[in-house]
Each structure stands twice: as C-alpha cells, then as structure tokens.
Amino acid sequence: MRKALGRGIDSLITKVQNNDISGDIVQRIPVANIVPNRYQPRRNFDETALVELSESIKERGLIQPISVWKDAGDDHYELIAGERRLRATKLAGMTEIEAIVKKNLDDEQKLGLSLIENIQREDLNAVDTALAYRQLMQTFSVSQADIAKRVGKSRGAVSNTLRLLELDEDIRQGIQAGVISEGHARALISIPDSSKRREFYHRIMTEKLSVRDIENFAQGFHALRPRAPKAARGGSKKSPEAVELESSLEKTLGTKVEICAGPGPQNGKIIIHYFSLDDLDRVTQILKK
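The numbering of the sequence shown is our numbering, which starts it at 274 and goes up by one.
Just so you know, the hints here were simulated from the structure itself, not pulled from any lab data.
Here a beta-carbon is modelled for each residue, glycine too, at the ideal position from N, C-alpha and C.
One or more hints might be untrue.
[To be verified] With a straight-line Cα cutoff of 27 Å, these simulated DSSO-like cross-link-like pairs (lysine-lysine) come out:
#, residue 1, residue 2
1, K376, K363
2, K426, K383
3, K481, K469
4, K422, K469
5, K524, K562
6, K383, K343
7, K524, K542
8, K469, K426
9, K422, K383
10, K524, K426
11, K426, K511
12, K511, K524
13, K481, K524
14, K542, K561
15, K561, K422
16, K363, K383
17, K529, K562
18, K542, K529
19, K383, K331
20, K511, K481
21, K524, K422
22, K562, K422
23, K529, K511
24, K542, K562
25, K363, K331
26, K561, K524
27, K426, K331
28, K529, K469
29, K343, K363
[Unchecked claim] Listed next, with one range per pair, are the computed distances between beta-carbon atoms:
#, residue 1, residue 2, range
30, R333, Q446, 26 to 36 Å
31, A418, S483, 31 to 41 Å
32, V299, K422, 24 to 34 Å
33, A322, K469, 26 to 36 Å
34, V324, H546, 21 to 31 Å
Taking the hints into account, I'd like the entire structure generated from these sequences.
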C-alpha cells in the first residue's frame, strides 16, 4: 500500500527513536551560521511570546538545545527544530547557542526528522500541523493511520486535523495567527456552506461566539434546510434511530445526509448532499478512506 521513498518513514523514525544516527553531538555554535529550516511547518511566530522567551533565556539560559544538521564541507548549519528558541536567542543578543548537531543525514532523513520533531511539539498550531501531515503523506506516501501511530495520536485526530486544510485561506490564517481556536475551526468546518462559514468566522471575532454557539448553528443548519415533501419521503415519520444515524453521518461527513425508507422494511437509500465541487471532492475522499 505504501510506496515510501528510499528506506521510507518507518526506517527513518526507527533510526531516530533508537538514536542510532551517528555523529550526534551537543555543542555551542554561532547563531550567524544557522540557516532556516527548509521544511519548517510553523508559519507564524507570536512576537510577544518570543520576547518573553528571550527574557527567560537571558535569565536562565537555554533549557533545551535546538537541533541542526551539518553536511561535510559546509560552513553553515541548517535548523531541524527549535526556530522559536533560535529567534529568541538572537533577540536576547546572544551570538552562540547550544545545539544538537546531527551529521551523515540524507535528504530523506532531513525531511522526515524535521517534520516529525516539529509535529511532536505541543505548541505547533493545528493548521501548521496539518500542513506537516500532508507533506509527510505526499513525500513518503504514507497513510493517515501510519502517521497517527508514529506521532501518538488517533487516526480520527489526524483526519480531523487534515480537514482544517479545507477551510478558506483567511480562516486558516486566523488559526495560524491564534485569532480563533482550533475548537472554533473544527466547529466551522462542520458547516457545509462556505459563505456561512465565513460569516460565522467573522462573528467569532466581533461577537465573541463560543465553540458551542458554532456547533449549535451547524446542527441547526442541517435541520433548517428545505426537505422534500412528506409524500416523496414515503409518507412516514422517521424513526428516532434513523434521525440519530443521520446526525452522526452529518457530523462525520460535514454535510447534509438523508436516510430515506424504501418500499420494504429492510431497504431504502442514503442521500448525501454537497454544496460545491470542493465539497463533493472532500466528501468523496472521506468515503474512500
């Protein structure tokens, strides 16, 4: 099922977990010789938090070294993980920083190690995490289940995080900037209508709507959409079980779902609605999993 590059992510992460990548040492290196990480998942850095971290580093020093790699013959180091710590160290006016220096890595190992180390950091926002997940999937051709196993999360958690990439660009930027919470974002994505999602995104900021407010609207949105005439639905009231199953499917698929009884007691049909071609593609991808 997987067609991983080279040795693949399994081999890569096993090597990292077993600490058998040779040549790792901790040393003080000039901050001026460190170049940015080509695979950095983080897109936004809170300036206030950086100042606070900078003051902490001035008082107590760097608690955890950053990670870098250095290829033979190069006169610079490339960052693997710890960009916030590096930026804060520079802000503190320091010219050197403690770093774990990794050597003898190929490009595949550099990419995988960088992504895994950054994904496992708890302070990475949900959209940047989703972007890192997607890069792992595209580069190493791994499944969501494999990523979930490797980063210690459930497959559902990985899938839900990836779904955030389906949100409009300005909403994704809002998550990255900390304007709205991940909980708000997950509630917004359950609203299938793009214009309504944007409307409520702005209302979160202007009216301070809670996550529950958005979830309640999302549930009501499905209930308020026009339904077929009673005769077309077989002329009978849906059972509580069918209504509950509809609600469950709608939460899973993020769109309107109808369960319609057939002429017999054991047959019928499920109608899945979509409201744009992007919505259709998203639902199709979920169904294929």
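Results of checking the hints against the structure:
At roughly 24 Å between alpha-carbon atoms, K376 and K363 fall within 27 Å of each other, so this suggested pair holds. A distance of roughly 23 Å separates the Cα atoms of K426 and K383; the hinted pair therefore holds under the 27 Å criterion. Taking the CA atoms of K481 and K469, the gap is near 16 Å; set against the 27 Å cutoff, the hint holds. Straight-line distance between C-alpha atoms of K422 and K469 comes to about 35 Å, which puts the hinted pair past the 27 Å bound.
Proximity of K524 to K562 is assessed by CA-CA distance (about 16 Å); at most 27 Å being required, the pair is judged to hold. A C-alpha spacing of about 10 Å is found between K383 and K343, which places the hinted pair at or below 27 Å, so the restraint holds. Annotation: proposed proximity of K524 to K542 holds, straight-line Cα distance about 19 Å (limit 27 Å). At most 27 Å may separate the alpha-carbon atoms for a hinted pair to count; K469 and K426 exceed this at roughly 31 Å.
For the hint linking K422 to K383, the alpha-carbon distance of about 20 Å falls within 27 Å, and the restraint holds. Our distance criterion of 27 Å between C-alpha atoms is met by K524 and K426, whose separation comes to about 20 Å. Under the criterion of a C-alpha separation no larger than 27 Å, the hint pairing K426 with K511 is inconsistent with the structure, at around 37 Å. Under the criterion of a C-alpha separation no larger than 27 Å, the hint pairing K511 with K524 is consistent with the structure, at around 19 Å.
At roughly 24 Å between alpha-carbon atoms, K481 and K524 fall within 27 Å of each other, so this suggested pair holds. Restraint check for K542 and K561: the C-alpha separation of about 19 Å stays at or below 27 Å, so the hint holds. At roughly 20 Å between alpha-carbon atoms, K561 and K422 fall within 27 Å of each other, so this suggested pair holds. About 24 Å separates the Cα atoms of K363 and K383, which keeps this hinted pair within 27 Å; it holds.
A hinted pair counts as satisfied when its Cα atoms are at most 27 Å apart, and K529 with K562 qualifies at roughly 19 Å. Of the supplied pair hints, the one linking K542 and K529 holds, its CA atoms being roughly 14 Å apart against a limit of 27 Å. Between K383 and K331, the direct Cα distance comes to roughly 30 Å. Violation of the 27 Å bound is thereby established for this hinted pair. Taking the CA atoms of K511 and K481, the gap is about 37 Å. The hint is violated against a cut of 27 Å.
Restraint check: the Cα-Cα separation between K524 and K422 comes to about 24 Å, which is no more than 27 Å; the hinted pair holds. Of the pairs offered as hints, the one joining K562 and K422 holds, with about 17 Å between alpha carbons and a cut-off of 27 Å not exceeded. For a cut-off of 27 Å, the pair hint linking K529 to K511 stands: about 16 Å separates their Cα positions. A C-alpha spacing of about 21 Å is found between K542 and K562, which places the hinted pair at or below 27 Å, so the restraint holds.
Taken as a hint, the K363 and K331 pair is honoured in the structure, with Cα atoms around 11 Å apart against an allowance of 27 Å. As the CA atoms of K561 and K524 are separated by approximately 17 Å, the hinted pair is consistent with the 27 Å bound. Restraint check for K426 and K331: the C-alpha separation of about 35 Å exceeds 27 Å, so the hint is violated. Taking the CA atoms of K529 and K469, the gap is about 14 Å. The hint holds against a cut of 27 Å.
For the suggested pair K343 and K363, the alpha carbons sit about 20 Å apart, so the restraint of at most 27 Å is met. For R333 and Q446, the Cβ-Cβ distance of about 33 Å falls inside the hinted range of 26 to 36 Å, so the restraint holds. Look at A418 against S483: about 33 Å separates their beta carbons, and that is inside 31 to 41 Å. Evaluation of the 24 to 34 Å hint for V299 and K422 yields a pass: the beta carbon distance comes to about 29 Å.
Judged by the Cβ atoms, the range 26 to 36 Å given for A322 and K469 holds: they are separated by roughly 33 Å. The beta-carbon spacing between V324 and H546, approximately 49 Å, falls outside the hinted interval of 21 to 31 Å.
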